[in-house]
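Participant: Taking the hints into account, I'd like the entire structure generated from these sequences.
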Amino acid sequence: MKSFWPRAYLAFVFLILYAPIFYLMFYSFNSGGTMSSFDGFTLDWYKELFSDTRLLIIVLNTIVIALLSAAISTIIGVIGALAIIYARKRIYQNTLLSLNNVLIVSPDVIIGASFLILFTIVGIKLGFTSVLLAHIAFSVPIVVIMVLPKLQEMSSSLIDAARDLGASRFDVLTKVILPYITPGIFAGFFMALTYSLDDFAVTFFVTGNGFTTLSVEIYSLARRGISLNINALSTLLFLFTIFLVIGYYFIQQRNEKPAAGVRK
Amino acid sequence: MDANKRTFYSIPYMLWIGLFVVAPILLVVYYSFFDLNGNFTFANYQNFFTPVYLMMTLSSFWYAFLITFFCLVIAYPAAYFITQSKFKQILLLLIILPSWVNLLLKAYAFLGIFSTYGAANSFLKTIGIGSKQILFTDFSFVFVSVYIFIPFMVLPIFNALDKLNPALVYASRDLGASSWMTFLKVIFPLTSSGVKAGVQAVFIPALSLFMITRLIAGNRVITLGTAIEQHFLVTQDWGMGATIAVFLILIMVIIMIVTGTRKKGVL
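Those sequence lines, one after another, are chains A and B.
Going by our numbering, the residue at position 49 of the first sequence is 49; the numbering climbs one at a time, nothing skipped.
Going by our numbering, the residue at position 57 of the second sequence is 57; the numbering climbs one at a time, nothing skipped.
Among the hints, a few may not be true.
[Unchecked claim] Below, simulated DMTMM-like cross-link-like pairs (lysine to aspartate or glutamate); rule was C-alpha separation at most 25 Å, straight line:
hint : chain 1 : residue 1 : chain 2 : residue 2
1    : A       : 175       : A       : 164
2    : B       : 106       : A       : 153
3    : B       : 196       : B       : 162
4    : B       : 125       : A       : 217
5    : B       : 163       : B       : 174
6    : B       : 106       : A       : 52
7    : B       : 185       : B       : 174
8    : A       : 125       : A       : 48
9    : B       : 106       : A       : 48
10   : B       : 88        : B       : 162
11   : B       : 106       : A       : 39
12   : B       : 163       : A       : 52
[To be verified] Computed far set for chain A versus chain B, every beta-carbon distance over 12 Å:
hint : residue
13   : 5
14   : 52
15   : 152
16   : 153
17   : 154
18   : 180
19   : 199
Keep in mind that the hints were calculated from the coordinates and are not lab data.
Small disclaimer: the values here were computed from a predicted structure and weren't measured.
The C-beta atom is built at its ideal place from N, Cα and C for all residues, glycine as well.
Facilitator: Written as structure tokens, this is what we have:
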């Protein structure tokens, strides 16, 4: 497509998509306190950010929740994918898959509100535990969805061959199946990680007064109005996001290779 | 023995389904039958059918429709031009990248851009329209929502367009169809699955997002999501909140059936 208009249109869409993000980042260097007039260059907001111990603890909370929930949900998700693929009856398989997808398509408010009811009834105190459980819960189906295609494309003759050659069920799982689906597992872990880091709505419902994650903190700061701390924070988060995206594409590349190898 | 072993390993997953998929839905339905004092009642459902809640549902639908419509109008040509490009993978990545930036930060950026002395108003001044109140209006709510949802609309449409066999387009052109006719009769019908998936990925969240209405629209726009959040976290009337949630779930199921059961695009 060599003509001018498609390019102009795409350029316009990209401008709209990126302008607000760069606008935010630009004003993080503003020595005046507003997001409208640029007075001069300063790094004060970053200094303030790094000396704010409360915020650093919140960042640490967020990372701990993300890593823990991603790890646990990856384990449960892999088990779930295996359960779905080895379900005997077609109806049973479809039922499991539909139940699995409920949390993916549900709006965040519903997930948040229903988990709030659940935790209150069971008697789990709102705070670290409830947020962790909620994050594990909504990450599991994502892991399943990422792992399932890998299991589906795996030829059943691989398992038959392993069984013929005398491998036990456990050996088949650890030496044949798991190595084969490793790229899917990594992709699932990674998606779970980003979902957890990014989540606001569900966390907002199930976090009590004492415990906060970064998204919830940004929300309460933003409701108070503009403070250029948030701009500095968003600049750092954006750089971190780019770093994650590169990581994700690296994993995807590795995903491609084994598949191509098997096709030979 | 064999069957036992198989079901044994899947216990954690089954527990997850029971505790976090089935139980929460049942609990929401259960709670919708109780009033503030914990008495069994149908009053919440009666309340929902009063003009106040019906108007709110209707306006929530109207906003979600507007948001989905503008997303589609902007995203379809964008997805089409990207598939035509030599650098389509990179361009697609660039479309997706903003969706990885925390949603609240994007909303926050518009607090600055749409503010009284912000970039949008200085632009309006330079082209001679003069400064306007943009923040806390319906316009700002729809604009920011469209901005946030565009990547979710582009992705499924791109996937559908990318799978389209170009020979079909050439055939249609060879047989004398104009490019507009080709689009209308060949390209669009064959990519409708992508459009449906995109509509699903935008419409349902647009009904339920409460943080954008709170931050950008002040309290001018109340969506179903805002109402649920309000009832659960502010007025503590869980029964009414659960009732609205039941209706939101019903609406969601209907939309899923209408647009076909497709998964939301995970990246």
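Participant: Hint by hint, note whether the structure agrees.
Facilitator: Each hint, compared with the structure:
no.	hint	result
1	175(A) <-> 164(A)	holds, 14 Å
2	106(B) <-> 153(A)	violated, 38 Å
3	196(B) <-> 162(B)	holds, 16 Å
4	125(B) <-> 217(A)	violated, 34 Å
5	163(B) <-> 174(B)	holds, 21 Å
6	106(B) <-> 52(A)	holds, 23 Å
7	185(B) <-> 174(B)	holds, 14 Å
8	125(A) <-> 48(A)	violated, 33 Å
9	106(B) <-> 48(A)	holds, 22 Å
10	88(B) <-> 162(B)	holds, 10 Å
11	106(B) <-> 39(A)	holds, 23 Å
12	163(B) <-> 52(A)	violated, 50 Å
13	5	violated, 9 Å
14	52	holds, 17 Å
15	152	holds, 14 Å
16	153	holds, 17 Å
17	154	holds, 18 Å
18	180	holds, 18 Å
19	199	violated, 10 Å
Hints 2, 4, 8, 12, 13 and 19 from the list above are not met by this structure, while the remaining hints are.
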